[in-house]
Amino acid sequence: MRKLTRFVCLLMAMLCLLPCVLAEETEDVVLRGYDKKEGYVYLTLGTFPQTAEGERLPILWRVLSVEDSRALILSEYILEARPLHGDYKQYANKPTNKKYPGFSGDFTQTDMAKYLNGDFASGNFTTGQLFLLAEDETFGMFFLLSGDDLKNAKYGFTSNESRKAWGTEYALNNGLFKYMANRGSHSPYWTRTQSTSNTQGARCIKSKGELGYINVITEDEGMRPACWLDLTKIVIPTGTGTKDDPYGLDLAPEFHAEVTALEDQATEE
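Just so it is clear: in the sequence shown, position 86 is 85 by numbering that gives the first Met the number 0, and no numbers are missing.
Please keep in mind that the hints were generated in silico from the structure rather than gathered at the bench. Note that the Cβ used here is the ideal one computed from N, Cα and C, for glycine as well. You may find that some hints are simply not true.
As the list claims (entries may be wrong) - With beta-carbon atoms standing in for the labels, derived distance ranges:
{"#": "1", "residue 1": "103", "residue 2": "173", "range": "53 to 63 Å"}
{"#": "2", "residue 1": "96", "residue 2": "145", "range": "19 to 29 Å"}
{"#": "3", "residue 1": "244", "residue 2": "103", "range": "38 to 48 Å"}
{"#": "4", "residue 1": "67", "residue 2": "195", "range": "42 to 52 Å"}
{"#": "5", "residue 1": "38", "residue 2": "234", "range": "17 to 27 Å"}
{"#": "6", "residue 1": "67", "residue 2": "145", "range": "17 to 27 Å"}
{"#": "7", "residue 1": "242", "residue 2": "67", "range": "17 to 27 Å"}
{"#": "8", "residue 1": "242", "residue 2": "180", "range": "16 to 26 Å"}
Throw the hints in and build the complete structure from the sequences for me.
Shown next as structure tokens:
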């Protein structure tokens, strides 16, 4: 009887420890970039309206690459439609143009760049989530991929088909263009690269998944944001990294106090 009692107690103790062990193993997950055999790893970060009714859902991201303790991630879906810039002359013209000075296609000066690092960032991510980002020295927290990025085989872009992306119901209901079913029912989306054929346009994904261009004032072109994650600041407590069960990110414990201070500062302001 005593042996049975000791066995039951030991078994219960082991069961109590099991969740802790599993949690520790999950938090030790190391993100990887695109792999030719394994494909992409997926994670969620932030929320955005995505259903036809505008319900907010976690934003799904694919991990393109991991380098120097950073991960480049790209929104799996096209989140909304909006122009790259509202003034094509300003976008195209050189700063030295005396009649109408512009900024020669500098993405950092576009309406899109200002939106991504303004209302998009502040309205869809918590202070703690933004803290997980490794801000790009040139483009800030959020940006669009370049035309060259979308031809980079290391990121998984090996064909026209691999560049296609689909809009959320929310995006489609709010003006995002969709190609016909015989093309794949996908939607076009911007890059941050100015067209060399027409300086009033930016490069974008077209009907076959190929790169083309369109005028920057086009309103039904899609926005598919990207950003860098600072891997030194994250733990991964949930998920398996698949598209159906993406990793959930959390702030590493050693940064909790710093984020709390930032939140308090924001409240005071």
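Status of the hints after comparison with the structure:
Between residue 103 and residue 173, the C-beta spacing of about 31 Å breaks the proposed range 53 to 63 Å. In this structure, residue 96 and residue 145 meet the distance hint of 19 to 29 Å, their C-beta atoms being roughly 25 Å apart. Range check, residue 244 to residue 103: Cβ separation about 44 Å, and the 38 to 48 Å hint holds. One distance hint, 42 to 52 Å for the beta-carbon pair residue 67 and residue 195, is violated here, with the actual separation near 30 Å.
Taken as a hint, the range 17 to 27 Å holds for the pair residue 38 and residue 234, whose Cβ atoms sit roughly 23 Å apart. Distance hint for residue 67 and residue 145: a CB-CB separation of about 19 Å, consistent with the stated range 17 to 27 Å. Separated by about 26 Å at the C-beta atoms, residue 242 and residue 67 satisfy the suggested range of 17 to 27 Å. Between residue 242 and residue 180, the C-beta spacing of about 22 Å keeps the proposed range 16 to 26 Å intact.
Hint compliance for this structure: hints 1 and 4 are broken, all remaining hints hold.
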